[in-house]
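Asker: Chains as they are written, first to last, in this note's numbering: chain A, 167 to 411; chain B, 247 to 452.
Check before you lean on any hint, since a few could be wrong.
Below, simulated DSS-like cross-link-like pairs (lysine-lysine); rule was C-alpha separation at most 30 Å, straight line [unchecked claim]:
| no. | chain 1 | residue 1 | chain 2 | residue 2 |
| --- | --- | --- | --- | --- |
| 1 | B | LYS426 | B | LYS332 |
| 2 | B | LYS445 | B | LYS426 |
| 3 | B | LYS332 | B | LYS445 |
| 4 | B | LYS325 | B | LYS426 |
| 5 | A | LYS189 | B | LYS335 |
| 6 | B | LYS392 | B | LYS305 |
| 7 | B | LYS259 | B | LYS445 |
| 8 | B | LYS305 | B | LYS259 |
| 9 | B | LYS305 | A | LYS179 |
| 10 | A | LYS179 | B | LYS259 |
| 11 | A | LYS179 | A | LYS189 |
| 12 | B | LYS259 | A | LYS189 |
| 13 | B | LYS305 | A | LYS189 |
| 14 | B | LYS325 | B | LYS335 |
| 15 | B | LYS325 | B | LYS445 |
It should be emphasised that the hints constitute simulated quantities derived from the structure, not laboratory data.
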Amino acid sequence: MRRPLGWQIATVKAIAQETAHVKTVTLALPDWTAHRPGQHYDVRLTAADGYQAQRSYSIASPPERAGEVDLTVERIPDGEVSTYVHDVLAAGDGVEVRGPIGGYFVWEASTGGPLLLVAGGSGVVPLMAMLRHRAAAGAKIPARLLYSSRTLEDVIFRQELDSLASRDGLAIFHTLTRGQPKGWTGYARRIDQPMLAEVSRPLGTAAVAFICGPTALVETAANALVQLGLPQERIRTERFGPTGT
Amino acid sequence: MPERFVSRGFTGKRERAGAQAGRVPPGQHLTNDFPVLSAGPTPRTDLGRWTFTIDGLVKASVSWTWEDFQRLPAQGFVKDISCVTKWTKLDTSWRGVSMDTLFEHVELDPRAVALVAWCDGGYTTNLLLSDVLNGQAFVAYEHDGKPLAPEHGGPARLVVPHLYFWKSAKWVRGLRLVDKDAPGFWESLGYHIRGDPWKEQRYTDD
Chain A
167 MRRPLGWQIA
177 TVKAIAQETA
187 HVKTVTLALP
197 DWTAHRPGQH
207 YDVRLTAADG
217 YQAQRSYSIA
227 SPPERAGEVD
237 LTVERIPDGE
247 VSTYVHDVLA
257 AGDGVEVRGP
267 IGGYFVWEAS
277 TGGPLLLVAG
287 GSGVVPLMAM
297 LRHRAAAGAK
307 IPARLLYSSR
317 TLEDVIFRQE
327 LDSLASRDGL
337 AIFHTLTRGQ
347 PKGWTGYARR
357 IDQPMLAEVS
367 RPLGTAAVAF
377 ICGPTALVET
387 AANALVQLGL
397 PQERIRTERF
407 GPTGT
Chain B
247 MPERFVSRGF
257 TGKRERAGAQ
267 AGRVPPGQHL
277 TNDFPVLSAG
287 PTPRTDLGRW
297 TFTIDGLVKA
307 SVSWTWEDFQ
317 RLPAQGFVKD
327 ISCVTKWTKL
337 DTSWRGVSMD
347 TLFEHVELDP
357 RAVALVAWCD
367 GGYTTNLLLS
377 DVLNGQAFVA
387 YEHDGKPLAP
397 EHGGPARLVV
407 PHLYFWKSAK
417 WVRGLRLVDK
427 DAPGFWESLG
437 YHIRGDPWKE
447 QRYTDD
């Protein structure tokens, strides 16, 4: 008999600043369940008069870390929950959450690969859970991450990604779309089909792809991978943000 | 019973909802954007090969080409929509064919209680007949006076505005009448079988 997905009061164990606009909140969960990398939690805030607001945030940590999860949250300037998380929430506070949620945009070492990950901005968060899980599980499945950020300072998990990339079978490619430091040797444009062709070629068309980021990036990347011959049922997407004009 | 949990220092941006608050289901917030959510790549279907089919528990199945479908009586409608990812958008404007109009072209088997909407790209969703008849559901091909964009489900999508928007299947190609309400794509992956936003039926056992 399956349990209903109930709300629980997690305790903020730590908050870490990742970039100027991104923080990671480590939550200790009284009723922890191992998640599948790619899943999210719902967060519910309640004001003293009963007013509530809810949002979903991707889990950044691997399921191998028992009892707690990291939710990595980008501050949306006119937001309601992300601004609270950034501006008010502190270690020791309680936060009402439920999860883990989501059963499609998930990857486990047992799923196999090769694994192609494509991220834009904070879309890297659920993919980070996959890469951390891959490392924790000691999986040698070939994996490649193509990660688009505005500037080097906006790259979330930069140092950890660097150290993960030195491990067996994982290659990481950055593209910086708004500005590049002197001597930058990575990509310097929005993700396009030639870039995806270069990055994905060594994995072949047997790869399973996960794309997460703003809609325009996800549309471009998913269409490009279809054009490059990846079967559409092996391309999984998660999108956020408006469609633009 | 413990007292209700209160988030320290949280007041909320409730002024955004304002007078429209009564139109926003619990746990939802208003957006003026139209976010795109899909599980995979956006399918592209040549209108020359597009058909829309009703089959399953009907006396005789029926299928329309794109041209035929355009000749069916269509109507404009304006509805509030709510996505399970927590956004609600008010007064969205559509044009399409009511499910009632489509069902005038088939004779339902008395055993039919539900339908499976199936789509290009392999997506499916389940709907009770009682949730789609009597002006509750449409196959829409225009949004905001323009042909429906592919990323929003064009050429045609379901619009079932009283349920969470994953029920409003994008790229819909047919309805299969069935005698049992069985889970579709998201409904098999932890989401609620029916998805009423006002009852906050987000996940399986909500």
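Asker: Indicate, hint by hint, whether the structure satisfies it.
Answerer: Here is how each hint holds up against the structure:
1. B/LYS426 / B/LYS332: 29 Å, holds
2. B/LYS445 / B/LYS426: Holds. B/LYS445 to B/LYS426 sits at ~22 Å (cutoff 30 Å).
3. B/LYS332 / B/LYS445: 13 Å, holds
4. B/LYS325 / B/LYS426: 29 Å, holds
5. A/LYS189 / B/LYS335: Holds, at about 28 Å.
6. B/LYS392 / B/LYS305: 35 Å, violated
7. B/LYS259 / B/LYS445: Between B/LYS259 and B/LYS445 the Cα gap is close to 23 Å, so the pair holds against 30 Å.
8. B/LYS305 / B/LYS259: With a Cα-Cα distance of about 53 Å, the restraint between B/LYS305 and B/LYS259 is violated, given a limit of 30 Å.
9. B/LYS305 / A/LYS179: 62 Å, violated
10. A/LYS179 / B/LYS259: 26 Å, holds
11. A/LYS179 / A/LYS189: The given pair, whose Cα atoms are some 13 Å apart, holds under the 30 Å limit.
12. B/LYS259 / A/LYS189: It holds: about 21 Å lies between the C-alpha atoms, which stays within 30 Å.
13. B/LYS305 / A/LYS189: Violated - the C-alpha atoms of A/LYS189 and B/LYS305 are around 58 Å apart, more than 30 Å.
14. B/LYS325 / B/LYS335: 9 Å, holds
15. B/LYS325 / B/LYS445: 18 Å, holds
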